[in-house]
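> Sequence:
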Amino acid sequence: MNDAERLEAIEKALDDLRVLSEDSIILVEGANDEKALRALGIEGEFIHIQSEGGPLKAAERVHAEGGRAVILTDWDRKGGTLARDAAEQLAALDVEHDTSVRRRLSVLCSSLVKDVESLDSCVGSLDARVRR
Numbered sequence: 001m002n003d004a005e006r007l008e009a010i011e012k013a014l015d016d017l018r019v020l021s022e023d024s025i026i027l028v029e030g031a032n033d034e035k036a037l038r039a040l041g042i043e044g045e046f047i048h049i050q051s052e053g054g055p056l057k058a059a060e061r062v063h064a065e066g067g068r069a070v071i072l073t074d075w076d077r078k079g080g081t082l083a084r085d086a087a088e089q090l091a092a093l094d095v096e097h098d099t100s101v102r103r104r105l106s107v108l109c110s111s112l113v114k115d116v117e118s119l120d121s122c123v124g125s126l127d128a129r130v131r132r
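Just so you know, we're using the numbering used here here: the sequence shown kicks off at 1 and counts up by one.
There is no bait here: all hints are sound.
The calculated BS3-like cross-link candidates involving lysine-lysine, where the alpha carbons are at most 27 angstroms apart (straight line), are:
hint: 1; residue 1: LYS78; residue 2: LYS57
hint: 2; residue 1: LYS35; residue 2: LYS12
hint: 3; residue 1: LYS78; residue 2: LYS114
hint: 4; residue 1: LYS35; residue 2: LYS57
hint: 5; residue 1: LYS35; residue 2: LYS78
hint: 6; residue 1: LYS114; residue 2: LYS35
hint: 7; residue 1: LYS78; residue 2: LYS12
hint: 8; residue 1: LYS114; residue 2: LYS12
hint: 9; residue 1: LYS114; residue 2: LYS57
Taking CB as the label site, the calculated pair distances span:
hint: 10; residue 1: GLN50; residue 2: ALA91; range: 15 to 23 angstroms
hint: 11; residue 1: GLY41; residue 2: LYS78; range: 20 to 28 angstroms
hint: 12; residue 1: ARG129; residue 2: ARG38; range: 21 to 29 angstroms
hint: 13; residue 1: ARG77; residue 2: ALA9; range: 22 to 30 angstroms
hint: 14; residue 1: ASP3; residue 2: ASP94; range: 37 to 45 angstroms
It is worth saying that the hints were derived from the structure and are not from the lab.
From the three backbone atoms N, C-alpha and C, an ideal C-beta is built for every residue, glycine too.
Let the sequences and hints guide you as you build the complete structure.
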């Protein structure tokens with residue numbers, strides 16, 4: 001996959017995330033992840049799993065708000081563990097959740113960056129290389 005194709009696929013995943021964020025709460029690890037996603041035009045409500053009590057508390061909050069969730073943790077080992085734990089907690093509360101955007105971004109970006117907080121710089125770098 002060349003840089004232009006990779007950038008297009010990442011932008012498609014981010015477009016899908018924008019749509020999902022209209023009626024879902026986005027679960028990220030921390031504030032820097034939210035900042036990077038907002039820089040990429042992702043709006044909506046975020047929960048910082050790490051600083052807001054962990055996967056159980058995050059799932060309980062989504063459940064209490066009657067919402068759906070998008071799990072978007074880093075694609076390193078710790079992020080994978082948090083994603084699995086959050087998915088289990090959400091499922092236990094019968095809360096609908098999505099992990100497809102995380103899965104797609106991890107495949108597309110893992111050779112470039114390992115975390116959500118670097119997505120905005122990754123997209124910027126790819127865009128600059130494509131436009132040369």
